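In case you want the letters, here they are:
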Amino acid sequence: MSGEPLGASNERGLVVDGLERVFDDKRALDGLSFQVTDGEIVALLGPNGAGKTTAMRCIAGVLLPDAGRITIAGAPAGTVPAQAAISFLPEHPDLYPGLNIDEHLRFVALSHALSGWRPRAEALLERFDLSEVRDQLPGSLSQGMRRKAALSMALLHGAQVLLLDEPFNGLDPQAAAELRAVVGDLAGQGVAVLVSTHGLDTADRIATRSVVMAAGRVVADGTTAQLRRLAGVPDDADLEAVFLALTRSDSSV
Amino acid sequence: MTTTPGVGSIVRALSYVAVRDLTMRVRRLATHPVRLALLVAVIGSLGALQVGAIATRGQNPVGTPAGAVAGIALLLCISVFSAVRRSPIRLRPGDVAWLVPSSRGPRSLLAWHLGAGACRLAVFGIAAGVVAILRAGEVTLLAFQPAVALTLLALFLRGTAFLAHLSTTRGVPRTVAAGVAIAVIAPAALPFVVASLTGGPQPPLAVTRAAAVAGVVLDPLLAAIRAPDPTLWGPLMLAGGLVAGLAVLVVGLGHGYQDEAARRSWERASVAAAYQDGSPLAGPIQELVAARLPANVSSFTRLSNLTVERALLWRALANLRRSWRWDLRPTAVLIAASVTLAVLAPTIVVAPLGGLLLLALPGFRSGVVGELEHLAIRTIPGRPGAKIRAADALPVVLFTVELIAVAVPVVLVMGLPASLLVAAPGIAVANIASASLVALVVPTLGRRLAYSAALSGSAYLVMTAAGGALLGTPAPHVAGLAVLLVGTLWGGAAWSLAGRRLGPIGALS
Numbered sequence: 001m002s003g004e005p006l007g008a009s010n011e012r013g014l015v016v017d018g019l020e021r022v023f024d025d026k027r028a029l030d031g032l033s034f035q036v037t038d039g040e041i042v043a044l045l046g047p048n049g050a051g052k053t054t055a056m057r058c059i060a061g062v063l064l065p066d067a068g069r070i071t072i073a074g075a076p077a078g079t080v081p082a083q084a085a086i087s088f089l090p091e092h093p094d095l096y097p098g099l100n101i102d103e104h105l106r107f108v109a110l111s112h113a114l115s116g117w118r119p120r121a122e123a124l125l126e127r128f129d130l131s132e133v134r135d136q137l138p139g140s141l142s143q144g145m146r147r148k149a150a151l152s153m154a155l156l157h158g159a160q161v162l163l164l165d166e167p168f169n170g171l172d173p174q175a176a177a178e179l180r181a182v183v184g185d186l187a188g189q190g191v192a193v194l195v196s197t198h199g200l201d202t203a204d205r206i207a208t209r210s211v212v213m214a215a216g217r218v219v220a221d222g223t224t225a226q227l228r229r230l231a232g233v234p235d236d237a238d239l240e241a242v243f244l245a246l247t248r249s250d251s252s253v
Numbered sequence: 254m255t256t257t258p259g260v261g262s263i264v265r266a267l268s269y270v271a272v273r274d275l276t277m278r279v280r281r282l283a284t285h286p287v288r289l290a291l292l293v294a295v296i297g298s299l300g301a302l303q304v305g306a307i308a309t310r311g312q313n314p315v316g317t318p319a320g321a322v323a324g325i326a327l328l329l330c331i332s333v334f335s336a337v338r339r340s341p342i343r344l345r346p347g348d349v350a351w352l353v354p355s356s357r358g359p360r361s362l363l364a365w366h367l368g369a370g371a372c373r374l375a376v377f378g379i380a381a382g383v384v385a386i387l388r389a390g391e392v393t394l395l396a397f398q399p400a401v402a403l404t405l406l407a408l409f410l411r412g413t414a415f416l417a418h419l420s421t422t423r424g425v426p427r428t429v430a431a432g433v434a435i436a437v438i439a440p441a442a443l444p445f446v447v448a449s450l451t452g453g454p455q456p457p458l459a460v461t462r463a464a465a466v467a468g469v470v471l472d473p474l475l476a477a478i479r480a481p482d483p484t485l486w487g488p489l490m491l492a493g494g495l496v497a498g499l500a501v502l503v504v505g506l507g508h509g510y511q512d513e514a515a516r517r518s519w520e521r522a523s524v525a526a527a528y529q530d531g532s533p534l535a536g537p538i539q540e541l542v543a544a545r546l547p548a549n550v551s552s553f554t555r556l557s558n559l560t561v562e563r564a565l566l567w568r569a570l571a572n573l574r575r576s577w578r579w580d581l582r583p584t585a586v587l588i589a590a591s592v593t594l595a596v597l598a599p600t601i602v603v604a605p606l607g608g609l610l611l612l613a614l615p616g617f618r619s620g621v622v623g624e625l626e627h628l629a630i631r632t633i634p635g636r637p638g639a640k641i642r643a644a645d646a647l648p649v650v651l652f653t654v655e656l657i658a659v660a661v662p663v664v665l666v667m668g669l670p671a672s673l674l675v676a677a678p679g680i681a682v683a684n685i686a687s688a689s690l691v692a693l694v695v696p697t698l699g700r701r702l703a704y705s706a707a708l709s710g711s712a713y714l715v716m717t718a719a720g721g722a723l724l725g726t727p728a729p730h731v732a733g734l735a736v737l738l739v740g741t742l743w744g745g746a747a748w749s750l751a752g753r754r755l756g757p758i759g760a761l762s
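Taken in order, these protein sequences are the chains called A and B.
If you use this note's numbering, the first sequence closes out at 253, no skipped numbers anywhere.
If you use this note's numbering, the second sequence closes out at 762, no skipped numbers anywhere.
Looking at chain B on its own, in the form it has when it is part of the complex (with noise of 0.2 Å):
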């Protein structure tokens, strides 16, 4: 007879696994003296940090460097864009087979997983709370203050995880998850971002109300990991309050957690135990059964299952191979002609840059176009979008160095900040990933080609906007980054409505 398992026992179980988990890892700490220096000098480090802020407490400058709250906010866009894609959580055996198909299991599961990442970071405070005890041989709740921030952290980063991933899990589309999230966080860390890239004066924390969630949330938290202060506990309380919203509202919301790594290996339980009854065909059916339906599959992708991006890229690189002296020949003359300018009429240097620009705008060098061609990019199994980005990596790469290599002579003999040639990889993807979208939704030729160049001249124009608008200020040399974030969200958006375009023939009409 089964029972459901209650919560009690679920967390019985789990502390099980993870008592067991942590043993083992502690007795591969024994057996890898790297390892174990390595964390040593980590817990140490951070140790050292905090005997000095415990020694100048009071007397810190208030307020968190920009920078790290960029930084927390582009691990958030990364998080929540891997998270639309795939389960956060990496899946054990246990998982798989007992808890996620019990009706309280999927919440324990993301309560522990939860609460586990939170209490890995928790124990390093701790133990580095610990140590600057002891060096600064004086007791004090301060110590422990980083241990606390570093928890809030955690569980704010994961939560923000899994609350992407179970919105998609209730039907709302990825994109629009990650839209949603990327729309609050990217304003709100904004200000952050350009105070760090121009070095300028830390922004208010009420420049927009989601600047002022960031700020009342990250700002303590991170203040308290770098630099503990009494009067951090209030606000640090307050953030606590919140983070513990975020993680109710994932636990409440966790009974529809799916994972495509637990229906896989479902799939593979239920077909093995079909034929393991000492049925003739057992053996052959279950080398099968292994070779396609793997158990235990991971919730992430490895770069070992991205078979068709790499033979696409395979492809495209032995085509390279033969065909680069032709292909590149344009190129070479321009960069000639750049070099020669450079030199001779430095007034007209860019011309040049603007003809590789121009001849770009067609979209010849879009890898998808050529292999559209054949059929291949249609019957190889795979996923749309990867196919249309592993047809499209290697022409954005060569596009990306003859832009480079055209530019340097202009941004030498113009004296503009090298830091403009970032900007390169981001009108690449724009253009390329233009002209394969084109490809896709125009059938002829001449149609496409003038589609092409519109829409990859669109993106020209928002670009330079983005850029030019930068140019003038005290931060030039953010101009170039301005337009790679720009030309990578276009191209992005343009793979992302192309991938929809690679079906069957006949989608179109």
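Extracted from the complex, chain A is given alone in its bound form (with noise of 0.2 Å):
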């Protein structure tokens, strides 16, 4: 009997390394590898099909990689500890049809094993405003509210790595701020967060640092500026610029 610690890595927050994945003929993920540090935000940014969304459906332990190496806070992905450790707010929202919001986030608390979870639900739902529609059905909701019930859940265990993609698809400037300022509280308290992400303002706004992807693996990865520099735009280039002349080249940077 071995007796060794749990988890053989030392690694927190999120590693990617060496992804590969491919459907059919088309290669979706070419050797992805990016880290995703405690308390750090990344923006995952790329062209429609540059692979973010196969990239944050592996991490979340949804589809299996053909090769590469994920570790979430120290545990190999898929495995029960660090399926505990994360949470993944998927593109489309994942409700149940038969279950009304209240109970949605109940059922989150029953996975987690949580206690003390229902003013950390009333905090969520209030700062979401989906107070008044708490025992309503997903069915009777919009589109919108229906993506906020979906992030309440994903914000509600407290999870040691949050995977949010394309989180700000279909939200009221109110609650995209809420979202934000969310995302920064639990940054600040060592949450490791990646950000999948079309609005690169967004990206600007709130993350650390972005990763750049384009087919299927990372071109770029560093702060704003950095990624100026990187991609020979002027200082005051906004981060559109940035972004054509990076994914247009195509070329690890």
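In case anyone wonders, no lab produced these hints; they're calculated from the structure.
Check each hint, because a few of them may be wrong.
Computed spacing ranges between beta-carbons, pair by pair [stated by the list, open to error]:
(1) Leu137/A <-> Gly756/B: 27 to 33 Å
(2) Gly756/B <-> Glu91/A: 18 to 24 Å
(3) Ser749/B <-> Val80/A: 14 to 20 Å
(4) Ala177/A <-> Arg575/B: 33 to 39 Å
Chain A is faced by these chain B residues, among others (derived, beta-carbon under 7 Å) [what the hints assert, rightly or not]:
(5) Leu566
(6) Trp567
(7) His627
(8) Arg631
(9) Thr632
(10) Ile633
(11) Pro637
(12) Gly638
(13) Arg753
(14) Arg754
(15) Pro757
(16) Ile758
Since the model is a prediction, treat every value here as computed from it, not as a measurement.
Glycine included, each C-beta is placed from N, C-alpha and C at the ideal position.
Starting from two chains that each stand alone, build the complex the way the hints lay out.
Here is the structure:
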């Protein structure tokens, strides 16, 4: 009997190393590697088809990569400790049609054996303006409300690694501002946050670092200032110009 | 300087702990009169039974009731199933900190726990023997024969469980270890089970080689407990030799003993130690450690640990609260049809039951099929097998209730034994587990329905064959149990296979 500590790795946060995934003849991920440390907010950027959602789903343990290694809070992805440490908001809200919003939150609490979860749930409902509709089924809610409900579920269990796939889609400006504030708070508490987004301004405002993907691999990784230098654009260029320059060249930086 | 503890010091330490433990238990008895009364009642009853046996020695019927052998076989199966999943030993802090890590510790631990269970029953038997001697007014060695038999029986049961667990720690897959053990126990016990259920004659012990082994070990033990007799000393010695051999084998293999509870406790201790030297993070981190890596973890799964099972079951119940009116409409129609036909057209009363079974063939009722449309079943923390069984639990219960409701008029009208209704859970488990397995293996809906119907249909055929074979015998009421057994085994196998497929999507490709 070894008696070695749980999770042979000492790596905290999220580590993605050499991830590969092929769908039929399309290579969605091609040696993707990056890292999100505790307390860091990293934006995952890329054009359509770059492999962002595939990467998110592999990290969340929904898709199995063909090759590569994913470590979540020191535990290999797909293991029970990794599942307990991660929270995933998919691009499309994944709600049960037969459960109301309050019951969805209770389900998350039961799934993670949370004690004293009710005040946190109430705060999230209040923050995302869901208190009035807590007894309603998802089918009777707008897309934005459903997304906010899914967000509340993702934020409830106090994950060590938070994955948000296009979290700002369909959110009204107030909810988007609340989400940015919540994400900032969580990062301040040491949570590693990975946000996949098309919104370059959003990435610029909340992310401490951006990982730019194209054709399934990382073409640039750094702060906005570093990305400007890598892309060879002027210092006053906006992130869109940086993004276009990086993804057009499509070469690893 | 650390030294490896010798066997002597280990025995002394374990004896010290055992004496302290016994003292504490005796003190507790003094403050719990109900427990004390129960203990006295059990020992007194055993003693009273033995008084009669002593008075009529030499005149008691030879042999063991088949029901007792069947019961012991069931106990063996349960303990083996448990042992291949978790250690059969409930470790104490001292075991974790000191015994398991030392070189001779695991063997000593196994020997001690084998002996401790046996000694407990021996004490009961000896106390009952003393009571019997006092009441019979005659000092005879026969009064202690049940104590010997009880001790050997405890050793046999514990030894079998330990052996099953040790085989898994040596790389034998759990399903293989359990399968081999059941393959030995089941044929050995089957003649006794059938005899017990049918009330038929005692089966010959040499029905199979395995049955003969069971007979050699269990028959004298159970006979000596039930009715001590001077002629049983010989067979008891033979059984004792075989059980001692089992115990020696277990202790011999004991150096490979592993326990998940011990591993997690060590992790907790090492992490806590790393942060206890005045680190500013020591407080919060120790709280975290306490929450995530509890010490003195039980080797058994407690109900409070069944997090994912409770969550999925709760979700299914919450959903049912809103959907039952729609979900149960076809069943309500079939129940009404069944009752109506029972009154008006008894010759075709079986039609609604057939309809229900046909409707269930495509596997729409599987809880896993519904859960697979959502990510939670893959992303919430928990073992895949547990998730699958939890997702299917409510559908199994509902299908069982529906089957019974539709089948009751059929049973009444056709004059079939009511015990056939015990088959319902077996049919439900086989059907729903088959559908869940297919849902995890076959991605497209059309093919999924066809494969599900084929697999569930095969289960129906096997269950019908098992039940039908017994329906025409003098023990038709056993047919329901046969279907239940076959259905449960089929469903268990399907769930086990399904658990291997509930990984991330892509594991199938």
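Now for the hints, and whether the structure bears them out:
no.: 1; hint: Leu137/A <-> Gly756/B: 27 to 33 Å; in the structure: holds (31 Å)
no.: 2; hint: Gly756/B <-> Glu91/A: 18 to 24 Å; in the structure: holds (21 Å)
no.: 3; hint: Ser749/B <-> Val80/A: 14 to 20 Å; in the structure: holds (18 Å)
no.: 4; hint: Ala177/A <-> Arg575/B: 33 to 39 Å; in the structure: holds (34 Å)
no.: 5; hint: Leu566; in the structure: violated (9 Å)
no.: 6; hint: Trp567; in the structure: holds (6 Å)
no.: 7; hint: His627; in the structure: holds (5 Å)
no.: 8; hint: Arg631; in the structure: holds (5 Å)
no.: 9; hint: Thr632; in the structure: holds (6 Å)
no.: 10; hint: Ile633; in the structure: holds (4 Å)
no.: 11; hint: Pro637; in the structure: violated (10 Å)
no.: 12; hint: Gly638; in the structure: violated (12 Å)
no.: 13; hint: Arg753; in the structure: violated (13 Å)
no.: 14; hint: Arg754; in the structure: violated (11 Å)
no.: 15; hint: Pro757; in the structure: holds (4 Å)
no.: 16; hint: Ile758; in the structure: holds (5 Å)
When each numbered hint is compared with the structure, violations occur for hints 5, 11, 12, 13, 14.
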